[in-house]
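For chain A, the structure is supplied; the task is to place chain B on it using the hints.
Here is how the chains run, residue by residue.
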Amino acid sequence: MRTANLKRVRNIAMFFVVAAVWIFYFFPIYWMVSSSFKTRVDTFAIPPRWIFWPTIQFYLTSFTNPKFLKVIQNSLIITGTTVVFSLVLGAWAAYAFARFRFKGSLTLSFSLIVARMMPPIVFIVPLYLLFNSLKLRNTHIGLILIFTVFNLPFTVWMLKSFFEEVPIELEEAAWIDGASRLQALGRVILPLIAPGLAATAVFAALLAWNEFLFALLLGGPDTTTLPVFLSGFLGERDVEWGDIMATATVAVLPPTLLVMLVQQNLIKGLTLGAVKG
Amino acid sequence: MTSGERHAAFEQGRIAEGTQGQIRTAGGEQRNRVLGLPLHILLIAPTFLIVFGLLVYPLGYAIVLSASNKILTGSVPFKWVGLENYLDLLALESEMWTSVGVTLRFALVGVFLEFIIGLSLALLLNREFRGRTWLRVGLLVPLMVPPLASGLIWRIIYDDEFGVFPHLIRTVGANPPIFLGDPDWALYAVVATEVWRSSPFMVLVLLAALQAQPVETIEAAEVDGASGWQVFRLITLPFITPVIIVALLFRTVDALRTFDLIFLLTAGGPGTTTEVISMFIYRWGFRHFKLGFTSAASILLMIATLIICIFYLRMLVVRQAEVQLTQE
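Those protein sequence lines, which keep their order, are chains A and B.
The letter at position 50 of the first sequence is residue 50 when you use our numbering, and the numbering goes up by one with no holes.
The letter at position 246 of the second sequence is residue 246 when you use our numbering, and the numbering goes up by one with no holes.
Just chain A, with the same shape it has in the complex:
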């Protein structure tokens, strides 16, 4: 009897703990999405309105605004190309690190980790001057290059850990069948690690999609990406929160849903393969 009571108390306590966790982590997301459906009057209402008549006016104005569509297009082009670059270069380097033992391989692969640890702001002044003199400022390719560089440490390490999981015998079998190393890589190994590749791609996409510092300082009016566009709202005199929150929702939700699809490999990505999830 007593143990049954104790168990009930514990279950109830557990329920409240879990509920508190949900509220802490989800309320801000809910508030962002709900604010994007609120009219100006509802947003500024005191006390805050929990129940309101939703409006899609901010999504309508956003998606009919040519400037916003251009921003989405910039973000998609820059993110997409960055993903392709970092995946191709990353896979080559990762394969070399996973399958070859050569002088300096340890130093080189660890130097990439050091690059990952450095605060990006350290590089901003020289890069700004460099981009100015090379006429790379305010160009798509400039941002793509710099995003790729900051993606590479993590794509290389993530892919390296996936390559290492593939038994070498599979590759050797392909060689015996007459394939060259690169053919074996392309036709045998890459298909095998397809889920890992997908996870890496999603991660690279997320980093490029969310990048702000370089997009702000090395980009320009022709390359405005979503984060830069979002930050621009606050400079306006009349801050339209519904507009901001609709744009933020568009910036946040699609990549988040994409990440959910590859979440088994998430931890590996977050820690450069140091921790397996």
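Please keep in mind that the hints were generated in silico from the structure rather than gathered at the bench.
Incorrect hints may have been included.
Estimated spans, in silico, between C-beta atoms of each pair [what the hints assert, rightly or not]:
hint	chain 1	residue 1	chain 2	residue 2	range
1	B	Ala321	A	Glu240	54 to 62 Å
2	A	Ala45	B	Pro270	23 to 31 Å
3	A	Leu253	B	Arg127	25 to 33 Å
4	B	Ser227	A	Ala198	38 to 46 Å
5	B	Arg105	A	Leu234	22 to 30 Å
6	A	Ile141	B	Pro270	34 to 42 Å
7	B	Ile310	A	Ala20	35 to 43 Å
8	B	Trp80	A	Glu240	47 to 55 Å
9	B	Leu123	A	Tyr30	22 to 30 Å
10	B	Gly228	A	Ala20	17 to 25 Å
11	A	Ile141	B	Ile71	27 to 35 Å
12	A	Gln263	B	Arg105	32 to 40 Å
Below, in silico cross-link-like pairs of lysine-lysine (DSS-like), each with a Cα-Cα straight-line distance of 27 Å or less [as the list claims (entries may be wrong)]:
hint	chain 1	residue 1	chain 2	residue 2
13	A	Lys135	B	Lys79
14	A	Lys135	B	Lys290
15	A	Lys135	A	Lys70
16	B	Lys79	B	Lys290
17	A	Lys67	A	Lys135
Bear in mind the structure is a predicted one, so any value in this text is a computation, not a measurement.
Quick reminder that beta carbons are idealized off the backbone N, C-alpha and C, glycines included.
Here is chain B on its own, set in the frame of chain A:
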């Protein structure tokens, strides 16, 4: 012959030269070269060329610049100043120390809270309960919100006129501070946002470590009569320590680089009470345009980051040496 059989035959030396003579040498010396160059060099070359061009070279450039008085829109004639920028930065009355203090408070308080919350939630999620998978997947959402958007979200939550959070405090009868505008509160309001966004990282990484732990050792300890706390302290904690160190390393260096969140939430204000080191560098480089001075600050930040990395990595190495010793 299937490829497996052929492979076996090859291993036993029965096929010296493969079908159609395509296998050149058993060691694959030939295979590892393309156009006469070693394949691995060709494979890593593009990555390191662009890393060199866009990271290493600029870093060298920054070191050179840091010894000059370069200004972006030059009305002052360019001249070399030697170590003057460094001496200005490191001088006792320098503004940099305020910013270093803010950064350390931000990083230490933030990472500490994230670790406590992270470990508790990881232990919670390591138990069986209804809705566990949902909660685990749901935790990904704040993690995926870019710092910039999380800054915007929390600005409407903190807003002293129509924000929900001050409203809730008012409903319970207290008088809320102006969270982002009060020098005593602003930094902690920013830390709370960072904890919200980043603690899921700790949860998920530590949970992965907990789940990798072999069940047998825990069961054996329980059979021997160890209490739950003893199991945690003597078995679980040592097992997950390396992962804890890795997680702390990642979170610390990320906290040190924080820029977007603060740029959006407070822009370093009120005054300089939330001006972390990245904001300090941004202000001197892109508000006052003193590029030489800013470069010197960047180099100092780089050195500080390296020291912190080495500190954590040493901890990891010492830890592994200890484990090896106890195993022997």
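Q: Mind listing which of the numbered hints don't hold for this structure, in increasing order?
A: As far as the earlier hints go, not one is violated by this structure.
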